[in-house]
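Respectively, the protein sequence lines represent chains A and B. In this text, residue positions in the first sequence follow the working numbering: the first is 201, and each later residue adds one. In this text, residue positions in the second sequence follow the working numbering: the first is 201, and each later residue adds one.
Hints should not be assumed to be uniformly reliable.
Which copy is meant is left open, because identical chains are indistinguishable; a pair holds if it fits in one copy or across any two.
Distance condition first, Cα-Cα at most 27 Å in a straight line; then the derived DSSO-like pairs of lysine-lysine [claimed, not checked]:
#: 1; residue 1: Lys518; residue 2: Lys210
#: 2; residue 1: Lys321; residue 2: Lys205
#: 3; residue 1: Lys452; residue 2: Lys307
#: 4; residue 1: Lys406; residue 2: Lys277
#: 5; residue 1: Lys474; residue 2: Lys452
#: 6; residue 1: Lys528; residue 2: Lys474
#: 7; residue 1: Lys452; residue 2: Lys205
#: 8; residue 1: Lys528; residue 2: Lys211
#: 9; residue 1: Lys274; residue 2: Lys205
#: 10; residue 1: Lys406; residue 2: Lys274
#: 11; residue 1: Lys307; residue 2: Lys474
#: 12; residue 1: Lys421; residue 2: Lys528
#: 13; residue 1: Lys211; residue 2: Lys246
#: 14; residue 1: Lys408; residue 2: Lys528
#: 15; residue 1: Lys205; residue 2: Lys474
#: 16; residue 1: Lys421; residue 2: Lys277
#: 17; residue 1: Lys518; residue 2: Lys406
#: 18; residue 1: Lys518; residue 2: Lys408
These are computed hints drawn from the structure, not numbers from a lab. Here the structure is a predicted model, which means the values were calculated and not measured.
Protein chains: 2
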Amino acid sequence: MQISKELLPKKTEQIYDAIVIGGGAGGLSAGIYLKRYMLSTLIIDKGKARSFWMQELHNYLGLPSNTTGRSLLKTGKEHYLSLDGDFLNGFVEEVIDEGETFAIRVKFGRQNSVYPVFRCKYLIAASGIIDYLPQLEDMRNVYEFAGHNLHVCLICDGYEMTDQVVGVFVGSNEVIPVAYSVGWFTPYVKVFTNGLFEVSPENRQKLKEHGYPLFESPVQKFLGDNHQMDGVELEDGSVVELQSGVVSMGSKYHANYLENFDLEHQGGNLVTDKMARTSHPRIFAIGDLKVGLNQVIIAAADGALAATQIWREIRREKGAQRWAEGIKS
Amino acid sequence: MQISKELLPKKTEQIYDAIVIGGGAGGLSAGIYLKRYMLSTLIIDKGKARSFWMQELHNYLGLPSNTTGRSLLKTGKEHYLSLDGDFLNGFVEEVIDEGETFAIRVKFGRQNSVYPVFRCKYLIAASGIIDYLPQLEDMRNVYEFAGHNLHVCLICDGYEMTDQVVGVFVGSNEVIPVAYSVGWFTPYVKVFTNGLFEVSPENRQKLKEHGYPLFESPVQKFLGDNHQMDGVELEDGSVVELQSGVVSMGSKYHANYLENFDLEHQGGNLVTDKMARTSHPRIFAIGDLKVGLNQVIIAAADGALAATQIWREIRREKGAQRWAEGIKS
Numbered sequence: 201m202q203i204s205k206e207l208l209p210k211k212t213e214q215i216y217d218a219i220v221i222g223g224g225a226g227g228l229s230a231g232i233y234l235k236r237y238m239l240s241t242l243i244i245d246k247g248k249a250r251s252f253w254m255q256e257l258h259n260y261l262g263l264p265s266n267t268t269g270r271s272l273l274k275t276g277k278e279h280y281l282s283l284d285g286d287f288l289n290g291f292v293e294e295v296i297d298e299g300e301t302f303a304i305r306v307k308f309g310r311q312n313s314v315y316p317v318f319r320c321k322y323l324i325a326a327s328g329i330i331d332y333l334p335q336l337e338d339m340r341n342v343y344e345f346a347g348h349n350l351h352v353c354l355i356c357d358g359y360e361m362t363d364q365v366v367g368v369f370v371g372s373n374e375v376i377p378v379a380y381s382v383g384w385f386t387p388y389v390k391v392f393t394n395g396l397f398e399v400s401p402e403n404r405q406k407l408k409e410h411g412y413p414l415f416e417s418p419v420q421k422f423l424g425d426n427h428q429m430d431g432v433e434l435e436d437g438s439v440v441e442l443q444s445g446v447v448s449m450g451s452k453y454h455a456n457y458l459e460n461f462d463l464e465h466q467g468g469n470l471v472t473d474k475m476a477r478t479s480h481p482r483i484f485a486i487g488d489l490k491v492g493l494n495q496v497i498i499a500a501a502d503g504a505l506a507a508t509q510i511w512r513e514i515r516r517e518k519g520a521q522r523w524a525e526g527i528k529s
Numbered sequence: 201m202q203i204s205k206e207l208l209p210k211k212t213e214q215i216y217d218a219i220v221i222g223g224g225a226g227g228l229s230a231g232i233y234l235k236r237y238m239l240s241t242l243i244i245d246k247g248k249a250r251s252f253w254m255q256e257l258h259n260y261l262g263l264p265s266n267t268t269g270r271s272l273l274k275t276g277k278e279h280y281l282s283l284d285g286d287f288l289n290g291f292v293e294e295v296i297d298e299g300e301t302f303a304i305r306v307k308f309g310r311q312n313s314v315y316p317v318f319r320c321k322y323l324i325a326a327s328g329i330i331d332y333l334p335q336l337e338d339m340r341n342v343y344e345f346a347g348h349n350l351h352v353c354l355i356c357d358g359y360e361m362t363d364q365v366v367g368v369f370v371g372s373n374e375v376i377p378v379a380y381s382v383g384w385f386t387p388y389v390k391v392f393t394n395g396l397f398e399v400s401p402e403n404r405q406k407l408k409e410h411g412y413p414l415f416e417s418p419v420q421k422f423l424g425d426n427h428q429m430d431g432v433e434l435e436d437g438s439v440v441e442l443q444s445g446v447v448s449m450g451s452k453y454h455a456n457y458l459e460n461f462d463l464e465h466q467g468g469n470l471v472t473d474k475m476a477r478t479s480h481p482r483i484f485a486i487g488d489l490k491v492g493l494n495q496v497i498i499a500a501a502d503g504a505l506a507a508t509q510i511w512r513e514i515r516r517e518k519g520a521q522r523w524a525e526g527i528k529s
């Protein structure tokens, strides 16, 4: 059930089998599996998962190509709640390893916040990432187009850009090669540094070889209307025409609550085994937080893996019920 | 498009980027991703994937809990065809590695069969498994209940058996421990050997400790009506009441076409890396054929992994398009 303030005293008394931090695709899938394994489960969600912003899921098997991320999340949350899973809207501030259990301190309520502490045996980190967007004075101008034809994921939306004139907005020299991946879908690639860094001579040379124009003046404003971006105005006053764009400026990882743990990372991502377990035996990481493809279908599958492994361990520890324990004996 | 006999001469001339053997959840997901990566793709499907038999998908994120496997496959195939993917109804008889390409010989047409040979650079084995069912004289009696309340997957349907009297139909001593996994969901477990093997003293003792009755006479007939099994009649004449059942008698692997390849296996399953690649650099295996959980959501995610890796390799080999190659220069 959706946990209200009134229920906090009761819910902070129990020890959950698993707490899932993040109510996006990965977290909801994990929650559905956990509940179907008869495990007590709490999902703590701060809201606005990355998929919440997706206008169209183009490649999720079983859903029509124009399904919104929001609708997937809604169906998933209803599914989870129908299995009697607990769901809390809150922000996880800290996780403490108590040995057998984790203590999870949550900020609940925007005003007059309270800080309940929940406990669980296993933790699933499913809080994902969010993409950095170009920082303009008027961020509404960015949000007008982001997730529409100003994309953040080439795997998801490269197909949509076929043969279009595409602006690639990069945050550092390291990600300039994204332009050549865009170049798989279209030869018309324009690269924007947003004035954030000095382009290396090697990158400059290679872009030139490909005939991809480079724009180093910061973006002043995205142009277009009705969520369709059709160009940018730069600070130097020039206007560059585009038909769509991809932002590749890195991501913010929503996992500050794991700072106390010395978990194995690769870049910013958590390293996990085949069952989505991190280097801590009772902490799993699923979806965009872990090494791998940032795709909704992958996050959903990760949820199944983590939940199944947790079930196996709890089941083996508790053992099977005996007939005599039942009431039908 | 759906490949008809008339199209065979044309389609056997081209070299596909990838051919997917199997049009189940994994194969369709791979096909959708491949097409969205602009790769030429053929799915060859013999029909009746394992998921085709599923009456209710209970735990696939984004779909209501009563979605049939058949409906998922239909939506997925429509999605794939809408992306201009090629789809052939046929049975793969043989795969030959020609070095740069694979030659795939297919039996096409039930009557007056022809045997076209298709070629591709990469192969995705997605042809899955099918569960062995108890072999009765009248198999219609088995099919009446299989996939309804005579289940084959505990992970999928354990929840449905909660506190029910469940018959566990096993094919060997090795799988008797499935009874104790069922014992997570209900204490009322009855084990049937179907007369196929001699139960080991250890298994006998442990079942006794759990109070799980053992029936060693072969099943004569499943009882019940309207797809709801409510017991079995054994050859010794006894009738045993049940509320549902799980069959765990092993699986047939649909991958004879890989016999010529010395691929790494674990048990009957193909070993794959994190991108679903087998020990052969151009053969991927996804879904139930590979080591891992046999779940629809996992197969769908596997499809995304294999397709993405194939795209990366082809993309890196071909390189990015240059602006001058386009027509908008």
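| said: As a check of your reading, is lysine 518 near lysine 210 (CA-CA no more than 27 Å) within one copy, between copies, both or neither? | reply: Within one copy only: 24 Å inside, 60 Å across.
| request: Up to 27 Å between alpha-carbons, please classify lysine 274 paired with lysine 205: within, between, both or neither. | output: within (22 Å within a copy, 44 Å between copies)
| said: Reference check for the pair lysine 474 and lysine 452, CA-CA at most 27 Å: within, between, both, or neither? | reply: Both. Shortest intra-copy (25 Å) and inter-copy (24 Å) distances satisfy the 27 Å Cα cut-off.
| request: Since the copies are identical, ignore which copy is meant and state whether lysine 421 and lysine 528 lie within 27 Å (CA to CA) inside a copy, between copies, both or neither. | output: Answer is between: at 25 Å across copies they meet the 27 Å cutoff, but 71 Å inside does not.
| Is it within a copy, between copies, both, or neither that the alpha carbon of lysine 205 lies no farther than 27 Å from that of lysine 474? | Classified as neither: same-chain Cα gap 38 Å, cross-chain 43 Å, threshold 27 Å.
| 27 Å Cα cut-off: does lysine 321 pair with lysine 205 within a copy, between copies, both or neither? | Result: close within a single copy only, 23 Å intra versus 58 Å inter.
| field | Homo-oligomer pair classification [lysine 274, lysine 406; C-alpha up to 27 Å] | value | neither (45 Å within a copy, 45 Å between copies)
| task | If the cutoff is 27 Å on CA atoms, where do lysine 307 and lysine 474 land: within, between, both or neither? Let me know, please. | result | The answer is neither: 32 Å in one copy and 36 Å across copies each exceed 27 Å.
| message | Regarding lysine 421 and lysine 277, is the shortest C-alpha distance of 27 Å or less found within a copy, between copies, in both, or in neither? | response | neither (37 Å within a copy, 41 Å between copies)
| task | Have a look at lysine 452 and lysine 205 and pick one of within, between, both or neither, based on CA distance no larger than 27 Å. | result | neither (30 Å within a copy, 53 Å between copies)
| message | When Cα atoms must be at most 27 Å apart, do lysine 408 and lysine 528 count as within-copy, between-copy, both, or neither? | response | For lysine 408 and lysine 528, only the inter-copy Cα distance (17 Å) is at most 27 Å; the intra-copy one is 78 Å.
| message | Reference check for the pair lysine 406 and lysine 277, CA-CA at most 27 Å: within, between, both, or neither? | response | neither (47 Å within a copy, 40 Å between copies)
Violation of the numbered hints given earlier is confined to hints 4, 6, 7, 8, 10, 11, 15 and 16; the remaining hints are satisfied by the structure.
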